[in-house]
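Visitor: Sequence:
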Amino acid sequence: MIKGVNHTMIELHETGNEYYERAILIVKPEYASVQRAILEDEARKMLKEMDIPSAMKAKTGKLKSIVMLLCAAVAGGLVTALFCML
4 MIKGVNHTMI ELHETGNEYY ERAILIVKPE YASVQRAILE DEARKMLKEM DIPSAMKAKT
64 GKLKSIVMLL CAAVAGGLVT ALFCML
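Each residue of the sequence shown is one higher than the one before, counting from 4 in the numbering used here.
Watch out, some of these pointers could steer you wrong.
Below, simulated DSSO-like cross-link-like pairs (lysine-lysine); rule was C-alpha separation at most 27 Å, straight line [as the list claims (entries may be wrong)]:
| id | residue 1 | residue 2 |
| --- | --- | --- |
| 1 | K31 | K51 |
| 2 | K51 | K65 |
| 3 | K31 | K48 |
| 4 | K51 | K67 |
If you're looking for bench data, these hints aren't it; they were derived computationally from the structure.
Could you put the whole structure together from the sequences, leaning on the hints where they help?
Guide: Below you can see the structure in the form of structure tokens.
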């Protein structure tokens, strides 16, 4: 909690990002006098460009690694079975 400090804040209810429903941004003091519409447009652009959250990336990365490992194991088993038949 910050006491005794005034900040200009922008709250966006429609972020345009599939992962985030709402965003609250604190504007730097030197840009506090800029028109609110300009600040909101820039905030929306930034939020639309945001990628998947890192925690979700880690989960999909682990799943991809497991699938690749299983594919390699199956391919190795098939090659071994092929050589045993010859």
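Visitor: Taking the hints in turn, state whether each one holds.
Guide: Verification of the supplied hints:
Of the pairs offered as hints, the one joining K31 and K51 holds, with about 21 Å between alpha carbons and a cut-off of 27 Å not exceeded. Between K51 and K65 the alpha-carbon distance is near 26 Å, which keeps this suggested pair within the 27 Å criterion. Between the alpha carbons of K31 and K48 the distance comes to roughly 17 Å, so the proposed pair stays at or under 27 Å and holds. Proximity of K51 to K67 is assessed by CA-CA distance (about 25 Å); at most 27 Å being required, the pair is judged to hold.
Of the numbered hints listed earlier, not one is contradicted by the structure.
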